[in-house]
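Residue numbers (the numbering used here), protein chains in the order written: chain H, 1 to 160; chain X, 1 to 698.
No wet-lab data here; the hints were simulated from the structure. Hints are supplied without guarantee of correctness; some may be wrong.
Unchecked claim - Below, a sample of chain X positions facing chain H; criterion: calculated Cβ distance under 8 Å:
#: 1; residue: G105
#: 2; residue: L617
#: 3; residue: L657
#: 4; residue: I682
For each residue, glycine too, the CB sits at the ideal point set by N, CA and C.
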Amino acid sequence: MSNEVMFAREDELEALNVADDGVDSQKYLIFMAAHLKLGVIAEDVVEILNNQVITYLPMVPDFIRGIINMRGQMIPILDICSRMGLPSREDDSLVVVINLGDVQLGILVDGVDQMLDIPKTNIHPLPANSAQLLVSGMCSLPDGSGTMMVLDCEQLLPHD
Amino acid sequence: MGSGNEILDMYIYETGTLLEQLETIVLEAEKADTFSQENVNEIFRIMHTIKGSSAMMEFDSLTTVAHRIEDMFFIIREGTMDVVKEEDRPALFDVVFQSIDFFRGEVEKVESGEPLDKDIDSFMANINTLISKIKGEEPAEPEPAPAAAASAASPAAPAPEPVSAAGFPFGLQVNFEEGCGMESLRAFMLVTSVRDVCEETDFTFDPPDVETNSATSETIIEHGFHMMFRSAQARESAVAVIKSAGSVQGYQSYDCPAPEPEPSAASPAAAAAQPVSNAAAPAAAPAKTAPAPAAAAAQQQQQHPKETLISVNLSKLDQLSAVVGEIVITESMVTSSPDLKGLNLDAFSKSARQLRKLTDELQDVSMSLRMVPVSSVFQKMTRIVRDMTKKLNRPCKLTLVGENTEVDKTIVDNIGDPIMHMVRNSMDHGIEETQEERIAAGKDPVGEILLSARDTGSEVIIEIIDDGRGVNDEAVLAKAIRQGIASPDVDYSHKEILNFLLAPGFSTNTEVTEFSGRGVGMDVVKRGVEELGGSVSISSELGKGMTTTIRIPLTMAIMDGMEVSVGNSIFTIPINNILSTMKLSRGDVIHDSSQGEIIKVQGNFYPIVRARDLYQLQDGCTEVEDGVLLWLEAGDHSYCLFVDELLGQQQVVVKQLPAYVNSFNVKSYGINGCTLRSDGSISIILDVASLYTASRGK
Numbered sequence: 001m002s003n004e005v006m007f008a009r010e011d012e013l014e015a016l017n018v019a020d021d022g023v024d025s026q027k028y029l030i031f032m033a034a035h036l037k038l039g040v041i042a043e044d045v046v047e048i049l050n051n052q053v054i055t056y057l058p059m060v061p062d063f064i065r066g067i068i069n070m071r072g073q074m075i076p077i078l079d080i081c082s083r084m085g086l087p088s089r090e091d092d093s094l095v096v097v098i099n100l101g102d103v104q105l106g107i108l109v110d111g112v113d114q115m116l117d118i119p120k121t122n123i124h125p126l127p128a129n130s131a132q133l134l135v136s137g138m139c140s141l142p143d144g145s146g147t148m149m150v151l152d153c154e155q156l157l158p159h160d
Numbered sequence: 001m002g003s004g005n006e007i008l009d010m011y012i013y014e015t016g017t018l019l020e021q022l023e024t025i026v027l028e029a030e031k032a033d034t035f036s037q038e039n040v041n042e043i044f045r046i047m048h049t050i051k052g053s054s055a056m057m058e059f060d061s062l063t064t065v066a067h068r069i070e071d072m073f074f075i076i077r078e079g080t081m082d083v084v085k086e087e088d089r090p091a092l093f094d095v096v097f098q099s100i101d102f103f104r105g106e107v108e109k110v111e112s113g114e115p116l117d118k119d120i121d122s123f124m125a126n127i128n129t130l131i132s133k134i135k136g137e138e139p140a141e142p143e144p145a146p147a148a149a150a151s152a153a154s155p156a157a158p159a160p161e162p163v164s165a166a167g168f169p170f171g172l173q174v175n176f177e178e179g180c181g182m183e184s185l186r187a188f189m190l191v192t193s194v195r196d197v198c199e200e201t202d203f204t205f206d207p208p209d210v211e212t213n214s215a216t217s218e219t220i221i222e223h224g225f226h227m228m229f230r231s232a233q234a235r236e237s238a239v240a241v242i243k244s245a246g247s248v249q250g251y252q253s254y255d256c257p258a259p260e261p262e263p264s265a266a267s268p269a270a271a272a273a274q275p276v277s278n279a280a281a282p283a284a285a286p287a288k289t290a291p292a293p294a295a296a297a298a299q300q301q302q303q304h305p306k307e308t309l310i311s312v313n314l315s316k317l318d319q320l321s322a323v324v325g326e327i328v329i330t331e332s333m334v335t336s337s338p339d340l341k342g343l344n345l346d347a348f349s350k351s352a353r354q355l356r357k358l359t360d361e362l363q364d365v366s367m368s369l370r371m372v373p374v375s376s377v378f379q380k381m382t383r384i385v386r387d388m389t390k391k392l393n394r395p396c397k398l399t400l401v402g403e404n405t406e407v408d409k410t411i412v413d414n415i416g417d418p419i420m421h422m423v424r425n426s427m428d429h430g431i432e433e434t435q436e437e438r439i440a441a442g443k444d445p446v447g448e449i450l451l452s453a454r455d456t457g458s459e460v461i462i463e464i465i466d467d468g469r470g471v472n473d474e475a476v477l478a479k480a481i482r483q484g485i486a487s488p489d490v491d492y493s494h495k496e497i498l499n500f501l502l503a504p505g506f507s508t509n510t511e512v513t514e515f516s517g518r519g520v521g522m523d524v525v526k527r528g529v530e531e532l533g534g535s536v537s538i539s540s541e542l543g544k545g546m547t548t549t550i551r552i553p554l555t556m557a558i559m560d561g562m563e564v565s566v567g568n569s570i571f572t573i574p575i576n577n578i579l580s581t582m583k584l585s586r587g588d589v590i591h592d593s594s595q596g597e598i599i600k601v602q603g604n605f606y607p608i609v610r611a612r613d614l615y616q617l618q619d620g621c622t623e624v625e626d627g628v629l630l631w632l633e634a635g636d637h638s639y640c641l642f643v644d645e646l647l648g649q650q651q652v653v654v655k656q657l658p659a660y661v662n663s664f665n666v667k668s669y670g671i672n673g674c675t676l677r678s679d680g681s682i683s684i685i686l687d688v689a690s691l692y693t694a695s696r697g698k
């Protein structure tokens with residue numbers, strides 16, 4: 001069953017999902033950042049914003065680009081590449097705003113790829129010795145376009 | 001009744017308000033050492049309302065206590081304050097205060113859903129002793145008289161047949177719904193409602209003691225509740241009221257042949273109605289069906305100021321201010337839209353001006369909604385000082401100044417504890433232990449604590465001043481060293497030593513007393529005030545007393561700010577921190593030994609902080625000639641901030657930075673909040689004091 005799903009096209013996948021409703025699956029929004037495909041749970045996504053003016057905020061870590069005004073709400077903008085230790089992005093145009101409990105966070109991305117329903121069983125844990133901090137699981141995309149890393153949004157929040 | 005929390009909320013709110021009212025009255029009365037007749041009436045009325053509403057809510061212990069206190073004040077009202085012997089008066093005040101505390105405690109329990117205190121016997125015994133003492137003065141107690149007179153006037157015929165009273169030939173029998181409970185109370189509520197439409201001398205009712213005697217419920221269930229009217233017209237209007245009343249199953253009119261008028265009997269009946277009538281207005285409140293204003297008409301001096309007030313959930317007001325803030329910004333975004341540039345739009349500009357005027361007004365109104373006087377907090381202090389004066393046997397008076405100063409509701413809610421802490425502190429540690437000590441120091445034997453509030457337009461300043469011993473610097477320092485807060489090798493200034501008082505874990509009294517020093521120090525005060533965006537400072541002179549000054553921004557939602565730019569960033573600085581702005585030439589800057597820059601302004605030297613360097617910004621002026629210098633002052637700090645350009649003064653709506661950003665401790669760098677500019681971009685609000693601390697910390 002898992003193989004079927006993994007190699008199914010998106011439309012077929014939908015059909016499959018309808019067929020077995022009981023399967024525990026989750027919708028993910030997949031976006032591109034630093035040539036990685038990252039997935040976040042689609043329910044957490046508030047919206048995708050274009051061409052926002054980001055106000056620079058001094059005295060915060062480099063991966064916080066600043067804040068934006070989303071309809072009167074101040075949203076901090078996170079450079080996900082820089083957060084993961086990759087070279088920081090130049091282009092500030094596309095922001096995915098996610099909602100984590102009470103915190104709203106904007107993530108700078110290269111592009112938004114697709115929205116996919118993925119059964120939980122298809123998400124595999126990371127290799128045991130992996131040092132990736134922000135990723136909680138991996139999943140090969142059914143269309144064969146690559147591998148999605150599941151972004152562990154909770155990890156984005158500061159812990160104290 | 002159990003129809004949800006709304007009634008309970010109403011009960012809690014109402015009882016709270018009444019208790020506050022009561023406390024104010026008693027505090028004042030205690031000063032005068034007597035209750036005026038007006039006060040007695042008012043207390044009677046308050047107790048009656050509490051009794052009624054507690055009975056509705058079925059809080060029996062509350063009902064019983066309220067009832068007893070009401071009885072006590074009934075006696076006092078009948079015989080005026082003279083019935084209370086001079087030496088019994090302190091006990092009387094104490095009992096009333098105790099009862100206030102009892103009610104408060106119980107209401108709190110109700111609020112938090114805890115079970116109520118069932119054991120009220122000792123307290124009741126207290127009240128009863130006092131009552132008998134009061135009665136002792138006047139053995140021929142008139143209390144049972146009215147009831148007797150009433151039953152004489154309207155013969156309480158046990159028979160089901162129409163009951164009639166002399167002079168009241170038009171009867172009305174009201175039957176309540178079966179099993180609705182508390183028939184006597186309902187009957188009394190009915191009487192109250194009817195009193196709104198009829199002169200109280202125009203009718204009477206049976207059983208006559210429904211108000212006080214719950215056993216009458218039985219009679220009412222069996223025979224119905226009878227009301228007798230002087231005229232058919234009065235009865236007509238009463239019927240209208242009864243129709244709209246709750247739990248009434250039906251009513252029946254009957255006429256009795258008017259007997260010979262018996263003036264002698266009729267007048268006591270009217271008199272019997274009298275004491276009950278005084279209670280009319282309060283009873284209307286729990287009755288809900290009876291509009292209070294009408295009840296007030298019967299008792300004209302009892303105009304509730306409350307009637308014009310409604311209580312609103314604070315979160316709704318918060319929401320309102322947030323939305324209004326948005327409207328203000330959106331309005332300027334629309335009217336100064338770049339799309340309109342170069343267009344000549346007469347009609348549009350006219351409407352835009354109108355819109356601006358209205359939004360300004362809306363903003364003012366929405367802000368004023370949240371403003372409440374600090375008097376409720378101050379009033380509580382009166383009580384604390386009174387209690388402590390008695391307990392510690394240290395005569396002390398509290399003087400309130402400016403208790404009508406209005407501040408944001410959130411401030412009033414949160415300022416109580418810090419003020420209470422300081423007042424207790426002043427009583428406990430400040431005011432001298434004995435009067436002799438005070439006399440020896442050449443002071444008035446009665447200590448004084450002054451609690452004042454004033455509004456400077458941008459902030460509210462609350463001062464707690466006592467004329468006690470003052471702070472002993474040496475003792476404080478020694479203690480601070482003992483507690484490990486201060487280092488023994490450093491010389492501390494007077495001011496620094498006073499600041500130790502506010503440090504966590506510092507409490508100068510070696511003994512923990514009931515009132516202060518409960519393991520928490522004055523750092524609680526500091527933290528509480530800082531949470532409100534304010535600051536605390538202490539000044540003191542040994543032997544003369546201590547002054548605690550609390551400064552809190554009047555409203556946290558809006559302020560006047562100066563917008564400045566540094567490179568591409570825009571910052572807003574609170575206007576009341578800015579002393580002046582100036583242009584510099586290179587020669588004005590003095591370099592000190594540690595590569596710092598200093599400037600001389602009006603004969604004094606001040607350090608210069610460059611915003612660009614502090615915040616490590618990419619661009620911005622480096623040459624002093626190109627930029628502008630702002631001379632700033634906040635608390636104890638005075639310095640100059642170097643920025644690129646002044647953009648102008650603006651009234652801004654303060655927005656908190658996202659919690660996520662605050663978790664990186666930006667506040668300690670003076671980055672305190674942000675605000676939306678008219679073009680929708682964001683400006684960062686700087687806190688002048690912490691900005692300076694940050695610049696020194698490097």
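Hints, one by one, checked against the model:
1. G105: violated (35 Å)
2. L617: Result: holds, 6 Å to nearest chain H Cβ.
3. L657: holds (6 Å)
4. I682: Holds - the Cβ of I682(X) comes within 8 Å of chain H, reaching about 4 Å at its closest.
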